[in-house]
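Got chain A; can you put chain B on it based on the hints?
Given next are the chains, with one letter for each unit.
2 protein chains.
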Amino acid sequence: MPLPAALLARLREIFPDDALATTDDDRRAAARDNSRHEHLPDAVVFPTSHAQVEALVRACRAHGVPLTARGGGTSSTGASVPVAGGVVANFMRMNRILRIAPDDRLAMVEPGVTNEALQKALAPLGFFWAPDPGSAPWCTVGGNLACNAAGPHAVKYGATRDNVLGLAAVAGTGESFRCGTQTSKSAIGYDLTRLLIGSEGTLAVITEATLKLTPRPAALRSLRASYRDAASAAHAVARIMAQPATPCALEFMDALALRLAREHQPEAGVPEAEALLLIELDGAPDALEEACAAVEAAARVDGLVQLEVARDEAQTRALWAARKALSFAQQAVTQHKINEDVVVPVSRLPALVDNVRALAEKHAVPIVSFGHAGNGNLHVNFLPRDVDEIERAYAALPELFERVIALGGTISGEHGIGVVKREFMPLALSGATLGLMRGIKAAFDPDGILNPGKLLP
Amino acid sequence: MPLPAALLARLREIFPDDALATTDDDRRAAARDNSRHEHLPDAVVFPTSHAQVEALVRACRAHGVPLTARGGGTSSTGASVPVAGGVVANFMRMNRILRIAPDDRLAMVEPGVTNEALQKALAPLGFFWAPDPGSAPWCTVGGNLACNAAGPHAVKYGATRDNVLGLAAVAGTGESFRCGTQTSKSAIGYDLTRLLIGSEGTLAVITEATLKLTPRPAALRSLRASYRDAASAAHAVARIMAQPATPCALEFMDALALRLAREHQPEAGVPEAEALLLIELDGAPDALEEACAAVEAAARVDGLVQLEVARDEAQTRALWAARKALSFAQQAVTQHKINEDVVVPVSRLPALVDNVRALAEKHAVPIVSFGHAGNGNLHVNFLPRDVDEIERAYAALPELFERVIALGGTISGEHGIGVVKREFMPLALSGATLGLMRGIKAAFDPDGILNPGKLLP
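Residue numbers (UniProt numbering), protein chains in the order written: chain A, 1 to 457; chain B, 1 to 457.
Since the hints were derived computationally from the structure, they do not count as laboratory data. Please note that a few of the clues may not be correct.
All copies of an identical chain are treated as equivalent in the list; a pair is satisfied when it fits inside any one copy or across any two copies.
Think about it this way: if two alpha-carbon atoms lie no more than 30 Å apart in a straight line, the pair counts; the simulated DSS-like pairs of lysine-lysine are [unchecked claim]:
| # | residue 1 | residue 2 |
| --- | --- | --- |
| 1 | K362 | K441 |
| 2 | K120 | K324 |
| 3 | K120 | K441 |
| 4 | K337 | K324 |
| 5 | K212 | K337 |
| 6 | K362 | K337 |
| 7 | K337 | K441 |
| 8 | K324 | K156 |
| 9 | K362 | K120 |
| 10 | K441 | K324 |
| 11 | K156 | K120 |
| 12 | K156 | K337 |
| 13 | K156 | K362 |
| 14 | K362 | K212 |
Just so we're clear, the structure is a prediction, and the values are computed from it rather than from any experiment.
The shape of chain A in the complex, shown without the other chains (with noise of 0.2 Å):
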C-alpha cells in the first residue's frame, strides 16, 4: 500500500532528496533486523534535526500512517521491523556526540551514534556509559534506549534505564517535549525518561539523551572457575553476588555451551566441566587484588573442580575464549537458532538450568543456556537444526516463559519483546497492568501511529 500523495509530497518539504527513499532496495534495507520477521515500508526517511522529526510525527499522524524509528537494526525481537508498513525513519545519520561534560558525569548525544562510537570517544577522558550489549559496534544509542539494553556490565554498573539522565522526544501526539535533567538526581514528577527508556519506541521518538557516565576503573582481573554441575556454580553465583566486592561480569556456560565451545575450537582450552563461570573484577591496584580474594572464596563452593586467575593479557584472552567460541559454535550447529533472554532471581539459577534441561529432553531439541548468571539472565538458545526440530522448539517456548514465571522470573532481561514475545506478556504482566500500560500509550500516541504490532499484545 503506497503512501497518500499528501503525505509523500510533505515528506519531500521536510527531508532533502537524499534523506528519503522509496525504490525497492531502499525499503528492503529497513524491512529487517537480527530477528526471523520482515516487512517492507512503505518510505524510508533519514532525520538530522529535532525539527525533521517533529514535522514527521506530525505529518504521519495526520495522514494516520505508521512510523517506526530504526537505529542499527540489531534488535532481535522484530523491534525495529515495521510490520504494519508506513514510514521508517532510520537515525544512523543523526548520530552526533553534542556534548561531554566529565566534571558532571554525562554525555548528550544524538541518538543515531553507535555504542561503540560513544565508548571511544569516552575512553580518552576515563569515562564510560556502562550499557555494553554485544551488538555495542552496529547497534545505537537510541536502539539501546528503546530497548532497555544491557549486557554483561549490568551486574555492576545497571541497564540502560540505570544509567540515562534526560531525554528530548517527539510523542506519538506529534508534541516535542523534553523530561528529566542534567542532574544525577531528581523529584520533580513522573518519570517520563525511564517510562520512554524500553517503550521500544511505541510512546514517542527520542531526538537526544543525556547519558550519565562512569568513571573508568583502573585495572580488570578475570578469573574463571569450572564445576562439578550447574547447581554448584548456581550456589557460588548466589555467594558472590551476597558480598560486597560485586564483579563487573558474572558468566555462567552450561554443560551443552562448553561442549558446543569444546568441539567447535578445540584448541581453545575450554575446560571438561559441567558448567563455568566467567568472572571479571575491577577496580585500583590493591582494591582489585583484596576483591578478587573475597570472590575467590566465595567462588570455592563443593563441587568447584577448578580455579583460575587471569595474571596478564593472553591468560585473560584464554580465559574468555569459551565465551567468545560459544558465537560462532551455535552457528555452526545450525541457522535456526532462537535466541531467548530470560531471567530469574539468583537463588533460582539452579531450578532454572534443571527446567531447561527437562525442556530440551521432553521436546528432543538441542538447547544451550549461558549468560549473565549475576543478574540471573541467561540466553536459553534453542538450536533446531530440521523441520522438525523448530517446530518442536516453537512449542517448548511457551512452556520456558511458564516456568520461569513459576520461578519468580520474567520473559526477557535485555532484549524486549518486539513481535516475538508479545504474545507472551499476558503470562507475566495481569490484564490490569497491561491495560494502565494500554492507557500510558494512549495518552502518548492517542492515534497509535509509532511502531505499531509490538510489544502491548
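Chain B in isolation, oriented as in the chain A frame:
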C-alpha cells in the same frame, strides 16, 4: 464537609472499629506533615492489608471522595496533607517485612515499615537499603517511594527510584496491579515501577514493595576538607566526582552554615573556613586506603585550607560534628526556616553558591547552603527571623528557582513537589511535558481522587 453517610457505612464494613477514626483529635493528627500546610481530613483509616486498600480506593472512587495515603508524615512539601479533605489512609500499621532474600539481594516489605526498622533488620544479614533520608527513624518506606527520597549516600548508591525492583498497588481506578519484577534486570514493557516512585500517591496507592539491597561494605573512612572559598570547594567536588573512587557521602557546608554551627556549638571544633567538604568513603580495608588517597589527591585544589582524615570512631564523630550542629543551630536562629532543596550539575555548584549569596544580599534575608554536593543537590535554607524577612524570603523563592534552572538544574533533588513547589513546576517543565504527565494521571486516576492538589499544577 462530612463524608457521605453511605461511604462512612462502607468504611465501617472494610475496617474494624479501631482502624477507622473520625474524632477531632484523630483528624488533627492526620492534618499535618513537616511543612507549614495543614488541612483536616474527614476520616482516618489504618489499613493492614492489600484487600482493605483495594476496597477503600473503590469506595472513595464510588463517592468521588479524595484519598491521601500517609506514612510518617515527615514530608516538608505538604505531600501528605489532605488539602481537599476526604479520607487519609495512615499506613503505619501495615509495616511488616515480608521477606529478606540475601542471595537475590532483595527485600519485600509493606509500605508502613520505617526506613530505620528496615535497616536494622538488614544489618545483621550484611545488607542495607540505599535511601538514607535524615528522617529515617520516622519516615516509612512507602513515603520514601512516594517522594523518591534520598540522602547523603545517593551520591554512590542512588535514590529510591534506583533501588526498587517491583511494586504492588491499587490504581485510582480501584484496580489492583503488580509491576516490576523480583529480578535485578528486566525489559518487559513500560516501567510502571519507576513511574509510581516519586508520584506522591497521585497515581496509585502502594501496598507492597520489592526493594533492591546492597551488601554492606566492610569499613568506612571520613575526611574533612576546608577551603578558603566556595568556588575552591566546588572545584574539589567536581574533581572527586571525575575519578573512579566515588565517595559514599560528599557533603558541603557554606560559610554561614559553618559560622552558625561554630556559634551554636563552640566545642564542636568547626573549622574557621569559608567552605567545608565532609567526605565518607566505604569499602574493603585495602580498597579504602587506596580510595582515600585518590580522593585526598582530588580534594587538594588551590584554595584548600586544611584536610583531615579520621583514624578512629572518635575522630570520625569529631569531623561530622559540624554537620550535626547545623540542624540545631538553624532552629536557634529561627522557627520560620524555609527548607529548600535544589539541584544543579556538579560543575555549576560554584555558580549556585554565588547566586545564593547574591539573593541573600538582594533580599536581605539570611540563607544557609549545605548538603549533597556530590549530586549537586544543596539545601538552600532561608532563615527569616521576623515577618518582614519571611515576606522577603518568599519573594526571593521564585528567583532562586529561576536561577537554578538557568544553571541547568532543577527545583527539587529529593524532597519532591507536594503543595509547596506545585506552582513552580512550569518553571522546570514545559506545557507539553506537564500535559503528558496529566495524561498519565488521567489513565491511572480518571476521577482525580488520589491526593488531589499535589505535584501537578
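A quick look at each hint next to the structure:
With identical chains, the CA atoms of K362 and K441 are never at most 30 Å apart, being 39 Å at best within one copy and 47 Å at best between copies. For a Cα distance limit of 30 Å, the shortest separation of K120 from K324 inside one copy, 22 Å, qualifies, whereas the shortest one across copies, 44 Å, does not. Proximity of K120 and K441 under a CA criterion of 30 Å is satisfied in neither setting, with 36 Å inside one chain copy and 41 Å between copies. In the homo-oligomer, the alpha carbons of K337 and K324 lie at most 30 Å apart inside one protomer (17 Å), although the nearest pairing across protomers, at 61 Å, exceeds that limit.
In this assembly of identical chains, the alpha carbons of K212 and K337 never lie at most 30 Å apart, being 35 Å within a copy and 34 Å across copies at closest. Proximity of K362 and K337 under a CA criterion of 30 Å is satisfied intra-copy only: 18 Å inside one chain copy versus 69 Å between copies. Neither within a single protomer nor between protomers do K337 and K441 lie at most 30 Å apart by alpha-carbon distance, with minima of 32 Å and 43 Å respectively. In this assembly of identical chains, the alpha carbons of K324 and K156 lie at most 30 Å apart only when taken from the same copy (21 Å versus 33 Å across copies).
For the homomeric pair K362 and K120, neither the shortest alpha-carbon distance inside one copy (46 Å) nor that between copies (47 Å) is at most 30 Å. Taking CA atoms no more than 30 Å apart as the test, K441 paired with K324 passes in neither setting, with 40 Å inside one copy and 47 Å between copies. In the homo-oligomer, the alpha carbons of K156 and K120 lie at most 30 Å apart both inside one protomer (21 Å) and across protomers (25 Å), since each shortest distance falls under that limit. Taking the shortest alpha-carbon separations for K156 and K337, only the intra-copy value of 29 Å comes in at or below 30 Å, while the best inter-copy value is 40 Å.
Within a single copy, K156 and K362 get their C-alpha atoms no closer than 36 Å, and across copies no closer than 47 Å, so neither meets the 30 Å cut-off. Proximity of K362 to K212 under the C-alpha cut-off of 30 Å is found in neither arrangement, the shortest distances being 45 Å within a copy and 36 Å between copies.
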